[in-house]
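*Asks:* Chains as they are written, first to last, in our numbering: chain E, 1 to 370; chain P, 1 to 370.
There's no promise every hint is true.
Pairs count within a copy or across copies, as identical chains cannot be separated in the list.
Unchecked claim - With a straight-line Cα cutoff of 30 Å, these simulated DSS-like cross-link-like pairs (lysine-lysine) come out:
| hint | residue 1 | residue 2 |
| --- | --- | --- |
| 1 | Lys290 | Lys142 |
| 2 | Lys6 | Lys216 |
| 3 | Lys361 | Lys20 |
| 4 | Lys267 | Lys290 |
| 5 | Lys356 | Lys216 |
| 6 | Lys146 | Lys112 |
| 7 | Lys290 | Lys20 |
| 8 | Lys112 | Lys47 |
Don't read these hints as lab results, they were simulated from the structure.
There are 2 protein chains.
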Amino acid sequence: MNPSLKISQGGKLGVNSRVKLTAENLNKIYTPGVADIAEAIAKDEEKAYELTWKSRNVAIVSDGSAVLGLGNLGAEPALPIMEAKAVLFKELGGVDAVPLVLNTQDPREIVKIVEAVAPGFGGINLEDIAAPNCFFVEEQLKKSLKIPVFHDDQWGTAIVVLAGLINALKVVNKNRQMVKAVISGAGAAGIAIARLLLEFGFGNIIIFDSQGPLAKGRKDMNKEKKELALKTNPENFKGTLREALFKADIFVGVSRAKLLNSQDIKKMNKRAIVFALANPTPEIMPEAAKKGGAEIIATGRSDFPNQINNALVFPGLFKGALASRTSLIDNKLKIKIAESLAALVQNPTSAKIIPKVMDKKVPRAIAACF
Amino acid sequence: MNPSLKISQGGKLGVNSRVKLTAENLNKIYTPGVADIAEAIAKDEEKAYELTWKSRNVAIVSDGSAVLGLGNLGAEPALPIMEAKAVLFKELGGVDAVPLVLNTQDPREIVKIVEAVAPGFGGINLEDIAAPNCFFVEEQLKKSLKIPVFHDDQWGTAIVVLAGLINALKVVNKNRQMVKAVISGAGAAGIAIARLLLEFGFGNIIIFDSQGPLAKGRKDMNKEKKELALKTNPENFKGTLREALFKADIFVGVSRAKLLNSQDIKKMNKRAIVFALANPTPEIMPEAAKKGGAEIIATGRSDFPNQINNALVFPGLFKGALASRTSLIDNKLKIKIAESLAALVQNPTSAKIIPKVMDKKVPRAIAACF
Chain E
1 MNPSLKISQG GKLGVNSRVK LTAENLNKIY TPGVADIAEA IAKDEEKAYE
51 LTWKSRNVAI VSDGSAVLGL GNLGAEPALP IMEAKAVLFK ELGGVDAVPL
101 VLNTQDPREI VKIVEAVAPG FGGINLEDIA APNCFFVEEQ LKKSLKIPVF
151 HDDQWGTAIV VLAGLINALK VVNKNRQMVK AVISGAGAAG IAIARLLLEF
201 GFGNIIIFDS QGPLAKGRKD MNKEKKELAL KTNPENFKGT LREALFKADI
251 FVGVSRAKLL NSQDIKKMNK RAIVFALANP TPEIMPEAAK KGGAEIIATG
301 RSDFPNQINN ALVFPGLFKG ALASRTSLID NKLKIKIAES LAALVQNPTS
351 AKIIPKVMDK KVPRAIAACF
Chain P
1 MNPSLKISQG GKLGVNSRVK LTAENLNKIY TPGVADIAEA IAKDEEKAYE
51 LTWKSRNVAI VSDGSAVLGL GNLGAEPALP IMEAKAVLFK ELGGVDAVPL
101 VLNTQDPREI VKIVEAVAPG FGGINLEDIA APNCFFVEEQ LKKSLKIPVF
151 HDDQWGTAIV VLAGLINALK VVNKNRQMVK AVISGAGAAG IAIARLLLEF
201 GFGNIIIFDS QGPLAKGRKD MNKEKKELAL KTNPENFKGT LREALFKADI
251 FVGVSRAKLL NSQDIKKMNK RAIVFALANP TPEIMPEAAK KGGAEIIATG
301 RSDFPNQINN ALVFPGLFKG ALASRTSLID NKLKIKIAES LAALVQNPTS
351 AKIIPKVMDK KVPRAIAACF
């Protein structure tokens with residue numbers, strides 16, 4: 001049997017009671033005693049943080065419209081991924097997380113549903129919701145809810161990519177303001193990476209979607225792409241991705257498998273940085289990127305060096321947000337988290353620009369940013 | 001500190017991982033391995049029962065509109081009760097249950113929300129939703145979902161009441177077809193109790209709401225009351241509750257505290273059965289009912305004999321429904337469960353008509369009804 005299927009037999013998640021139920025305490029845990037807790041919270045809603053699991057509890061919400069790199073599979077197929085995330089939340093961050101996979105992909109309905117279930121949760125982790133709906137859903141929920149809302153495919157990825165690039169630039173001794181970065185993919189991850197890199201001061205970014213580079217005047221772009229077209233692509237380049245790689249210093253792929261070959265990488269500047277993050281098959285395999293002359297190569301996979309893995313961020317991020325009752329996770333905070341993550345690698349090398357997911361220092365360092 | 005508040009510090013519930021996360025199995029639990037599980041479920045949705053926690057997982061859904069006997073307190077105050085129920089689900093039935101308290105009391109919205117979150121759950125336990133919305137919500141969800149939907153305040157209560165009455169009638173040696181039963185309260189519990197008693201063959205039932213007895217021709221009744229008015233109150237009695245107790249054999253109160261006194265009970269037939277179930281303060285205290293001549297007295301409380309407690313039913317009921325993949329819990333099955341529950345008390349006496357919640361035989365016997 002496939003080892004992943006084997007380890008998931010019967011599911012990976014459970015609910016547990018933190019109190020031992022006995023004949024003696026039944027009336028304190030349940031009726032009539034529990035009425036006192038209900039009344040205490042009715043008097044002061046804030047007490048829900050003290051007297052229920054709300055302060056530790058995150059909803060992992062997905063509509064299954066962008067399941068990993070597999071596409072729009074729907075609710076049930078998204079469930080094992082949300083379960084896996086809940087396992088990481090718990091094991092790495094000590095955060096209780098509950099998967100909620102939704103039988104709708106209407107962004108307005110998703111917003112209403114999350115707003116409705118929010119009272120029982122201390123935070124909302126949005127997951128595997130396709131662009132552009134993910135932008136609308138996150139934006140609306142950030143406005144309407146008083147708890148942290150974080151779309152991990154956007155910001156988890158963007159934070160880890162930035163952390164990796166901070167160290168990669170150190171290794172190749174280049175400056176963020178001077179480098180040319182090409183991003184392939186303008187979905188949830190690509191848009192968020194571009195936004196965060198801009199915020200961090202990257203001077204020259206070109207973003208590609210399947211139709212070509214985001215550029216001023218293009219007619220077929222959504223709101224987010226239009227906004228980024230104004231802030232990126234300073235030379236208003238209109239050629240192909242392959243052409244854009246000419247003299248590029250950084251390639252970040254969050255698009256699709258086997259997009260590039262060694263010849264493409266050869267066109268890049270010396271000491272090139274290649275983040276080929278499509279999952280499970282990257283835009284270019286590390287060996288081919290190396291053959292093309294790339295000095296630093298990262299993928300989304302654990303079987304190669306430099307794994308760019310969201311799991312580096314979300315457990316510690318929610319741990320910190322919940323503990324500090326921070327609801328607004330703004331770009332400044334995201335950059336601080338990326339810098340803390342990068343700083344955990346004391347002497348970055350081409351083979352080691354980012355910590356390992358299982359490194360216990362990671363969630364602690366990230367939670368300490370709050 | 002209040003002992004209920006003390007035992008609930010930090011909440012009573014947690015999520016736990018059933019797999020040990022290691023550097024070696026991270027790629028099987030999470031990406032890339034989890035993609036295989038998503039694809040397996042995408043090919044065959046049924047696999048979600050095998051490869052996720054769905055087969056063990058129940059959503060406890062409440063809008064907080066009828067929190068215990070406390071009234072419409074809203075979502076957050078309902079949360080500790082749903083947590084307590086989740087503890088009982090787990091400890092008594094081995095069922096994983098997740099509280100979902102909703103920030104809406106619109107029945108159509110509740111239906112939409114539950115339908116949307118349903119893919120992640122093997123069953124839906126509705127809880128503390130006020131009548132008449134609870135009827136609409138349950139009815140709609142039973143039609144639209146393929147998993148068991150059970151409103152515990154209705155049917156959990158009705159099943160335990162029926163079980164208690166089966167044994168009580170044995171003790172007082174009366175026949176269900178011959179007795180006169182007065183039900184006080186025509187909310188979720190009262191309506192469901194009446195429906196189940198009718199189904200079981202009780203011949204003479206009069207149901208009271210705050211306006212008087214349900215009776216043919218009354219103009220101020222909702223759909224459910226109208227339906228019951230046709231099947232109950234055979235003499236079309238129109239007097240008061242106190243008057244109705246004259247020559248009654250059974251009183252079942254699911255209404256409000258301190259409704260009756262000893263004098264009222266004295267009007268009842270010999271060997272009277274009094275179930276005073278308002279929580280936390282019953283319609284009449286056991287001592288007063290005894291003084292009035294009642295032979296069998298039950299309450300909702302654990303500090304008196306004969307506790308009519310929903311917790312006797314829901315853990316075993318969902319355990320059985322999940323294990324057998326039963327989605328329709330019809331009246332026939334409810335009666336079977338009530339009979340099994342009653343049968344656990346081998347020699348019923350006035351002091352013991354119903355098993356204890358902590359009796360491990362209870363959930364096993366109920367699950368075995370499926």
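*Asks:* Hints first: check each against the structure and report whether it holds.
*Replies:* Structure-based check of each hint:
1. Neither within a single protomer nor between protomers do Lys290 and Lys142 lie at most 30 Å apart by alpha-carbon distance, with minima of 42 Å and 58 Å respectively.
2. For a Cα distance limit of 30 Å, the shortest separation of Lys6 from Lys216 qualifies neither inside one copy, at 50 Å, nor across copies, at 61 Å.
3. Taking the closest pair of Cα atoms, Lys361 and Lys20 come within 30 Å of each other only across two copies (19 Å); inside a single copy the shortest separation is 32 Å, beyond that limit.
4. In this assembly of identical chains, Lys267 and Lys290 lie within 30 Å of each other by CA distance solely inside one copy; the values are 13 Å within and 94 Å between copies.
5. Neither within a single protomer nor between protomers do Lys356 and Lys216 lie at most 30 Å apart by alpha-carbon distance, with minima of 39 Å and 73 Å respectively.
6. Taking the shortest alpha-carbon separations for Lys146 and Lys112, both the intra-copy value of 15 Å and the inter-copy value of 23 Å come in at or below 30 Å.
7. For the homomeric pair Lys290 and Lys20, neither the shortest alpha-carbon distance inside one copy (56 Å) nor that between copies (35 Å) is at most 30 Å.
8. For a Cα distance limit of 30 Å, the shortest separation of Lys112 from Lys47 qualifies both inside one copy, at 25 Å, and across copies, at 29 Å.
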